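Asker: Each chain, letter by letter, is given below.
4 protein chains.
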Amino acid sequence: MKTLPAPMSAREFDELFQKVRNWGRWGPDDERGTLNYITPAHVRAAATLVRSGRSVSLSLPINTVAGPDNPRPAVHYMVQTYDVKSDIGEPQFALDYLASEFHGDCHTHIDALCHIAYKGKLYNGKLATSVVGSQGPTSMDITAYAHGIIGRGVLLDIPRLRGAKWLEPGEAVTREELEATEKAQGVRLGEGDILVFRTGHHRRRLELGPWSCEYGGEGKAGLHPTAMLLLHERKVAAFLPDGDGETVPSNVEGVAYPIHTLQIAAMGMAAADSLQFEELVKVCEEERRWEFMVVIAPLRLPRGTGSLFNPIAVF
Amino acid sequence: MKTLPAPMSAREFDELFQKVRNWGRWGPDDERGTLNYITPAHVRAAATLVRSGRSVSLSLPINTVAGPDNPRPAVHYMVQTYDVKSDIGEPQFALDYLASEFHGDCHTHIDALCHIAYKGKLYNGKLATSVVGSQGPTSMDITAYAHGIIGRGVLLDIPRLRGAKWLEPGEAVTREELEATEKAQGVRLGEGDILVFRTGHHRRRLELGPWSCEYGGEGKAGLHPTAMLLLHERKVAAFLPDGDGETVPSNVEGVAYPIHTLQIAAMGMAAADSLQFEELVKVCEEERRWEFMVVIAPLRLPRGTGSLFNPIAVF
Amino acid sequence: MKTLPAPMSAREFDELFQKVRNWGRWGPDDERGTLNYITPAHVRAAATLVRSGRSVSLSLPINTVAGPDNPRPAVHYMVQTYDVKSDIGEPQFALDYLASEFHGDCHTHIDALCHIAYKGKLYNGKLATSVVGSQGPTSMDITAYAHGIIGRGVLLDIPRLRGAKWLEPGEAVTREELEATEKAQGVRLGEGDILVFRTGHHRRRLELGPWSCEYGGEGKAGLHPTAMLLLHERKVAAFLPDGDGETVPSNVEGVAYPIHTLQIAAMGMAAADSLQFEELVKVCEEERRWEFMVVIAPLRLPRGTGSLFNPIAVF
Amino acid sequence: MKTLPAPMSAREFDELFQKVRNWGRWGPDDERGTLNYITPAHVRAAATLVRSGRSVSLSLPINTVAGPDNPRPAVHYMVQTYDVKSDIGEPQFALDYLASEFHGDCHTHIDALCHIAYKGKLYNGKLATSVVGSQGPTSMDITAYAHGIIGRGVLLDIPRLRGAKWLEPGEAVTREELEATEKAQGVRLGEGDILVFRTGHHRRRLELGPWSCEYGGEGKAGLHPTAMLLLHERKVAAFLPDGDGETVPSNVEGVAYPIHTLQIAAMGMAAADSLQFEELVKVCEEERRWEFMVVIAPLRLPRGTGSLFNPIAVF
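Chains C, Y, R and A, in that order, give the protein sequences.
Here the first sequence stands for residues 0 to 314, numbered as in numbering that gives the first Met the number 0.
Here the second sequence stands for residues 0 to 314, numbered as in numbering that gives the first Met the number 0.
Here the third sequence stands for residues 0 to 314, numbered as in numbering that gives the first Met the number 0.
Here the fourth sequence stands for residues 0 to 314, numbered as in numbering that gives the first Met the number 0.
Be a bit skeptical, because a hint or two may be false.
As the list claims (entries may be wrong) - Lysine to any residue pairs mimicking SDA-like chemistry, simulated, CA-CA at most 25 angstroms apart:
(1) Y:Lys84 - C:Asn69
(2) Y:Lys120 - C:Arg287
(3) A:Lys84 - R:Ser8
(4) Y:Lys182 - Y:Glu277
(5) Y:Lys120 - A:Asp82
(6) C:Lys84 - Y:Thr137
(7) R:Lys84 - A:Ala255
(8) A:Lys84 - C:Ala65
(9) R:Lys234 - R:Thr173
(10) A:Lys120 - R:Asp82
(11) R:Lys84 - A:Gln134
(12) C:Lys84 - R:Lys234
(13) Y:Lys84 - R:Asp82
(14) C:Lys120 - Y:Glu277
Keep in mind the hints are simulated off the structure, nothing from the lab.
Owing to the predicted nature of the structure, the values given are computational and were not obtained by experimental measurement.
Construct all of the structure, not just a fragment, from the sequences and the given hints.
Answerer: Written as structure tokens, this is what we have:
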């Protein structure tokens with residue numbers, strides 16, 4: 000089953016942008032956006048989901064191999080190994096070095112609210128060029144999430160609904176299909192939840208090998224922009240996709256990445272890219288539940304537009 | 000009050016090493032070490048500590064400024080800012096780059112079990128040079144912790160016990176002082192716990208500025224090696240210090256870093272370095288409790304000897 | 000005309016290795032190898048070739064774009080631009096950052112003598128594992144060339160001889176063809192000369208786009224191993240190729256890169272990789288000469304196995 | 000003897016800026032600035048200075064150690080050593096990685112013309128913010144010097160004139176002292192020459208250790224701004240100093256780095272920083288001459304604001 004992407008005009012997109020826009024909702028200088036939906040009660044409730052004590056990484060291994068979807072591979076080198084004797088005595092140390100330009104399709108990372116501008120404006124209407132200069136952002140950087148994000152994660156596994164291994168590049172998931180998935184799994188997205196959205200992107204990569212998922216390449220499967228209305232109504236706090244949520248090519252005239260635009264610039268949502276759920280789905284099936292506690296702990300990087308991270312689901 | 004460090008001979012240290020050694024305890028190829036102490040029941044119990052829903056970072060901000068304790072500053076650059084228009088339409092993106100040699104005294108990081116060798120041997124008796132080559136470790140790398148570490152954190156705040164702002168460089172905390180701190184705070188370290196050990200290192204840095212805490216410099220405050228017996232008996236699973244747990248100069252003849260040696264090489268303990276608890280202590284005082292859930296999510300870095308990370312305490 | 004590569008057995012290769020081997024020729028601890036052929040008289044003579052005063056780079060632009068022949072792209076970021084005002088007054092500065100793993104097929108670089116081991120031995124018979132540890136080489140690093148290499152460059156332009164734009168991947172140039180090229184161009188390689196060897200590699204890349212020139216890919220054009228006898232007899236001091244001199248796949252059983260092996264490990268030759276001569280050939284044709292002064296100035300990098308560089312031809 | 004720095008008002012500095020300004024002199028889009036002074040005849044003449052065939056590096060070794068004058072140390076790691084066997088046969092390779100933010104007081108580098116803006120303008124009056132964006136400069140980058148700079152180098156050794164080992168931080172060299180040095184050494188700076196300007200900065204560092212040579216530190220010795228009139232009148236093409244030519248603190252009200260401002264923004268001069276002449280002065284004394292051929296070969300880095308380099312003097 001291939002979802003036909005309904006094309007959207009620029010004007011329709013701007014109307015949608017207005018509808019889901021949270022500018023000013025939590026004050027003019029808010030830096031937490033939809034994380035404001037997560038109350039202490041939500042955190043407590045999320046903790047009650049810890050029953051079997053199992054935990055699962057939602058991160059890809061850091062990838063140092065260039066490829067069609069990894070034009071900026073991480074670099075990782077040993078700094079010192081055990082051929083080096085210390086002149087002050089035992090012990091000896093092995094050390095390493097990691098460098099990464101982490102945005103893109105191959106590194107599991109979270110975006111800061113300063114990462115995306117639509118028509119020159121960031122979340123809350125801030126002028127993009129005023130916030131981000133050559134020394135990095137002066138506000139809405141990734142340290143806004145420094146103390147972690149803890150909440151209820153809800154997996155919506157679209158290939159499971161479809162009875163497919165994965166969605167094909169270019170396919171778009173609608174609001175209706177999200178709701179059908181909720182029903183099939185017996186879960187319902189609610190206020191302050193963390194949506195874990197699976198298209199099977201990484202499963203496809205494991206089986207078919209890497210492909211270029213950008214414009215000019217094969218593209219990727221993601222959400223249809225109108226699905227964002229559901230996330231807005233339900234007051235979803237954060238978004239963790241395999242792929243990055245985007246359908247490429249997009250369904251919107253003149254907007255190459257409408258999902259990031261709506262989530263980050265309009266809604267102020269904590270959004271991440273390029274996770275993998277191949278371990279998660281096994282645990283969900285074994286546990287027969289699609290809700291769990293999620294803990295997100297981005298590196299505490301002043302002026303970061305995002306961060307490599309390793310989100311953890313706890314059952 | 001200055002604890003007089005009781006010097007320890009090389010022979011005494013080797014006896015201590017034998018006493019706390021967990022080699023073979025969980026099989027010859029175990030890569031989880033003392034994390035084996037954390038059972039599902041411990042994880043569940045840790046989750047029940049989530050009551051107020053507050054969370055606190057235990058990480059320093061990533062530090063790009065060279066200094067006496069930061070000879071290898073992280074580098075962080077903008078890759079792209081909002082002067083770049085996309086030729087495929089909206090939105091625009093701000094991107095950055097981070098590189099780090101993360102071991103050392105200024106970057107909050109966790110160590111993998113391959114990071115330390117004593118007399119040529121790693122945890123479980125593995126030959127250090129066989130495990131770690133120029134392409135990095137072939138086992139006991141940081142991906143052994145990929146699925147996160149979740150447990151009960153117990154803060155032992157030594158300056159609080161002493162009525163001091165911080166411990167001075169060179170001071171060593173004994174087993175007896177740890178036990179006195181437990182009593183004063185009404186907590187008791189138990190099996191599978193994560194010891195959060197505070198010397199006030201970062202408080203001192205905030206007030207007095209950075210100093211060289213290595214050999215040849217002023218040194219640092221930490222544990223006395225015999226204190227490791229307590230951690231061993233109590234079956235502590237992980238260790239999160241400000242500073243790095245070491246007293247510099249050390250109290251052991253010929254062993255410059257005895258704490259890392261015992262924790263990592265002998266015990267197989269998940270050990271971290273260079274955290275900060277200045278935000279944590281405020282919350283502990285407000286909550287009037289020194290136990291909380293801790294979530295540790297190292298980057299999923301194959302062949303890493305460790306990882307930058309942002310440990311989170313949840314109350 | 001396609002040169003049929005005559006296959007060479009492992010035994011034949013070892014005999015060739017012995018024949019061209021300069022181990023001990025300039026003493027057991029020599030680090031200059033065939034640069035010893037360049038006498039002050041040769042430098043003086045090279046300087047007399049400067050007549051028109053034109054100079055030409057033999058370097059590729061530094062390449063930050065990943066591709067089939069560039070799996071480890073250089074990274075280049077702005078550190079600061081003119082949005083940053085100094086608080087100590089004028090002027091303002093723009094700054095940048097460059098990082099590179101420079102060996103490979105896309106970065107113009109020179110190799111140090113420690114870069115290649117054959118059967119565990121470096122040039123002069125040094126044990127490879129004794130010279131190069133995790134902290135880099137303790138001798139024969141690129142600083143052996145710190146004071147520059149100045150000599151007579153002689154271009155041998157094989158595609159010109161063949162009347163082709165370039166050699167195809169897999170084609171091997173024999174000693175006979177080098178001699179035919181000398182004759183056609185009216186030049187003769189002599190003692191202390193710098194051989195500038197053109198296969199048209201970069202011309203092919205400009206016209207056809209990048210390809211994988213390694214094993215498992217399309218390969219590359221280069222020298223036949225026996226051609227090294229000519230370089231040895233003529234006492235050539237240095238080697239500057241487009242491509243890297245290697246024919247891939249190689250003509251030698253069990254030796255993937257025989258040219259590097261002979262040049263660096265056996266002969267101690269200053270050898271470079273991945274230059275481009277597209278600007279050079281135009282000047283040569285205009286000047287009607289294929290000899291010129293060459294200046295090689297590697298970065299002064301202690302413990303470097305090589306260096307990015309920009310070799311200059313002066314006419 | 001300490002040269003008393005004559006303070007200069009902002010107005011006087013602007014008059015000086017006008018006097019030495021070469022904007023428009025070689026056309027509105029010129030990117031070579033004072034290199035236009037170097038004619039083919041100058042290159043030929045420089046080559047005739049090659050008589051003994053000796054060559055000398057004017058570069059510091061690349062410095063990976065943080066210190067008061069090296070807040071951004073280069074990083075250098077081994078990528079692979081001889082523990083790695085190839086699965087396609089001999090030979091084996093040792094590889095490394097170098098990363099550097101090369102501007103500053105400890106890395107020998109050359110500046111591109113886009114590196115400095117005075118009152119928002121670059122050389123030739125270009126608007127700084129228009130030329131340099133987050134993706135680097137669109138003109139006047141270091142590739143303007145891609146084909147190398149070859150000319151006559153003239154060493155003016157100020158400590159030699161003064162009978163001192165070095166100049167002390169804060170001391171400024173006047174036009175008169177440059178002329179006295181010319182006389183003492185029997186040389187005269189002329190059109191198209193490369194001025195090699197020695198304050199003994201690196202000699203001082205070798206003997207006394209590193210110091211902070213920036214504002215807030217001890218400062219450095221350099222030129223007095225009025226000395227730039229001599230360079231302008233004599234049509235000097237390029238400037239190679241130990242230190243960076245600047246006196247810190249500067250002699251100009253409101254202008255922290257007047258020498259760079261005049262050289263680069265006003266004159267369009269090829270200017271470099273942080274060379275060392277300790278090897279050069281020995282050769283000059285032995286050869287009894289202070290003129291030689293200089294070859295400058297910056298890395299061919301598109302959009303670079305400068306480059307690490309290894310300038311070579313040939314006698």
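Asker: Hint by hint, note whether the structure agrees.
Answerer: Okay, the hints, checked on the actual structure:
Taking the CA atoms of lysine 84 of chain Y and asparagine 69 of chain C, the gap is about 22 angstroms. The hint holds against a cut of 25 angstroms. Proximity of lysine 120 of chain Y to arginine 287 of chain C is assessed by CA-CA distance (about 43 angstroms); at most 25 angstroms being required, the pair is judged violated. Restraint check for lysine 84 of chain A and serine 8 of chain R: satisfied, since their Cα atoms lie roughly 21 angstroms apart, inside the 25 angstroms limit. The hinted pair formed by lysine 182 of chain Y and glutamate 277 of chain Y meets the criterion: a straight-line CA distance of about 22 angstroms does not exceed 25 angstroms.
With a CA separation close to 19 angstroms, the supplied pair lysine 120 of chain Y and aspartate 82 of chain A stays within the 25 angstroms bound. The hinted pair formed by lysine 84 of chain C and threonine 137 of chain Y meets the criterion: a straight-line CA distance of about 21 angstroms does not exceed 25 angstroms. The hinted pair formed by lysine 84 of chain R and alanine 255 of chain A meets the criterion: a straight-line CA distance of about 12 angstroms does not exceed 25 angstroms. Our distance criterion of 25 angstroms between C-alpha atoms is met by lysine 84 of chain A and alanine 65 of chain C, whose separation comes to about 22 angstroms.
Only pairs whose Cα atoms come within 25 angstroms are accepted, and lysine 234 of chain R paired with threonine 173 of chain R is accepted, the gap being roughly 17 angstroms. Between lysine 120 of chain A and aspartate 82 of chain R, the direct Cα distance comes to roughly 13 angstroms. Compliance with the 25 angstroms bound is thereby established for this hinted pair. Taking the CA atoms of lysine 84 of chain R and glutamine 134 of chain A, the gap is near 19 angstroms; set against the 25 angstroms cutoff, the hint holds. A C-alpha spacing of about 42 angstroms is found between lysine 84 of chain C and lysine 234 of chain R, which places the hinted pair above 25 angstroms, so the restraint is violated.
Between the alpha carbons of lysine 84 of chain Y and aspartate 82 of chain R the distance comes to roughly 18 angstroms, so the proposed pair stays at or under 25 angstroms and holds. Simply put, lysine 120 of chain C and glutamate 277 of chain Y have alpha-carbon atoms about 35 angstroms apart, too far for the 25 angstroms limit, and the pair is violated.
Hints 2, 12 and 14 from the list above are not met by this structure, while the remaining hints are.
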